[in-house]
Amino acid sequence: MAGECVQFLGFWASPSALRVVWALKLKGIDYEHIEEDLLNKSPLLLKYNPVHKKVPVLVHNGKPVAESLIIVEYIDEVWKQNPLLPQDPYERAKARFWVKFADEKVVPDMVSTFMKTGEEKEKAAKAARECLKTLESGLEEGKQFFGGEAIGFVDIAVGWIGIWARIVEKLKDVSLVDEETMPLLHAWLQNFLEVPIIKECIPPWDKLLQHNKGYLVKLTPDST
Amino acid sequence: MEGKESEVVLIGTWASAFCKRVELALKLKGIPYEFVEEDLENKSELLLRNNPVHRKVPVLLHKGKAIPESLVILEYIDEYWTKAPRLLPDDPYQRAKIRFWANYHDEKIAQAITPIIFSEGKEREKVIEDFQQLLKVFEEGIERDFQGKSPFLHGGNLGFLDLVVGTYACNYQAFHDSIAVVFETEKNPQFFSWLMALKDHPRIKETLPPSDKLATKYKELFLPPYSKRIATIRERYLQSPKA
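Protein chains in written order, with UniProt numbering: chain A, 1 to 224; chain B, 1 to 243.
Hint data in this document are derived by calculation from the structure and do not stem from the laboratory. Treat the numbers as computed from the prediction; the structure is a model and nothing was measured. A virtual CB, placed ideally from N, CA and C, is assigned to each residue, including glycine. Mixed in with the good hints, there may be bad ones.
Here's a subset of chain A near chain B, in silico, CB distances under 8 Å, partners left out [stated by the list, open to error]:
id	residue
1	K47
2	V51
3	K54
4	G62
5	V65
6	E67
7	Y74
8	V78
9	P86
10	E91
11	A93
12	R96
13	F97
14	K100
15	F101
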């Protein structure tokens, strides 16, 4: 649209920033990408997200919107092509429910799995698997995506959790999205990450692994 | 659309601000509903069947479909019953700002009550200060984001943020009276004045429980000996990583 100015403040390895990138790409929105250095936050970021000082932030014609899920709903409301949320109020409520569940339950358990070792790690991984199994119940059998036949709000909100689960599985030698116990979720993840428009936004795996390995090194205490 | 009472059922408890928000939304829209009081210490099959994931109130049942999570329910009510009053404005940017501050209230401010309940002495003093700091951020943020057009009691009407924060007014008051002094008007004058104005709004006043009844309830719940349910919440809090 003529006269529209869309800026996106992100960080290449940020999972929540990826949600917004996916939403922008799926809608075919032109935007300026501003890469933030999270160790040295720019005055722009501090100006546009003074409360949390975090990425992602979308700035639309000078107006900032923060928090990835709020940004995605904003994008869906402003740009009507390729709707991300369903039209029906009940289906919308379900979508919002699953997205909240993923962030409030699945993510903390995955963070624990990542940060802990030994028996505590196994306990956290088990809790994470239970949450992921619950998340799976949001998928309808026979439908490719949480959004049905097309990618929707829940897919892009939850997609990065799938990516990160793979990273945690590799770095911590645990099973999270287990094919045997969560066949639907496992299949969804495989499918989703192969969709070209989704795949091309994901940073290179080895770069992501390296970056997350860096957190593990920082977390390891110097003494026992 | 017929307004048969049994078409809309709200499973909730009288003491929960999250449930009161939903009640208020239904009342404002003139939607008849049946209220089912839940005993949280002894959860009913109705609740467990309709919110198997979280097993919490509120849950809205509409034509047999279950919707949990108060903010999700509020948006559902506004989207299904599109008649006035609208809870959220039409403009996407205004909606985004309101959602941001509603989340901030629920995820930061309301959650900051838990550490206060379960701490004591110097630690309690510190978490109370943290709470007051969160209120300050909220005050400054609302001022900055709405620039003179306060989203509270906008034009005398109740909107989304009024429901989110206003229904907590009694709970904060009761908490302040029974558990710990958390409000110092000099520290958070703006938040306090919003809370008092909301509490006095006729529709909110008629919906909220009397704060002395809540204060008694809080003393029962949050002072030892704890019920099994509260003891579990306490355990979870004590084991969680602290900032």
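How the hints compare with the structure:
With 8 Å as the threshold, the beta carbon of K47/A stays out of range of chain B, its nearest partner Cβ sitting at about 11 Å, so the hint is violated. Checking V51/A against chain B by beta carbon gives a least distance of about 6 Å; that is within 8 Å, so the hint holds. Taking 8 Å as the C-beta cut-off, the interface hint given for K54/A is violated, the closest approach to chain B being about 12 Å. Residue-level restraint check for G62/A is violated (minimum Cβ-Cβ distance to chain B is 11 Å; threshold 8 Å).
For V65/A, the shortest C-beta to C-beta distance to chain B is roughly 5 Å, which falls under 8 Å, so the interface hint holds. Given the 8 Å rule on beta carbons, the hint for E67/A holds: about 6 Å separates it from the nearest Cβ of chain B. Because the beta carbon of Y74/A sits about 4 Å from the nearest beta carbon in chain B, less than 8 Å, this interface hint is met. At about 5 Å, the closest approach between the beta carbon of V78/A and any beta carbon in chain B falls short of 8 Å, and the interface hint on this residue holds.
Look at P86/A: its Cβ only gets to about 11 Å from chain B, farther than 8 Å, so that hint breaks. At about 10 Å, the closest approach between the beta carbon of E91/A and any beta carbon in chain B exceeds 8 Å, and the interface hint on this residue is violated. The beta carbon of A93/A comes within 4 Å of a beta carbon in chain B, closer than 8 Å, and the hint placing it at the interface holds. Interface hint status for R96/A: upheld, as the beta-carbon distance to the closest one in chain B is roughly 5 Å, under 8 Å.
Interface restraint check: F97/A against chain B, minimum CB-CB distance 5 Å, threshold 8 Å, status holds. Residue-level restraint check for K100/A holds (minimum Cβ-Cβ distance to chain B is 6 Å; threshold 8 Å). A hinted interface residue such as F101/A counts as satisfied when its beta carbon comes closer than 8 Å to some beta carbon of chain B; here the least separation is about 6 Å, so the hint holds.
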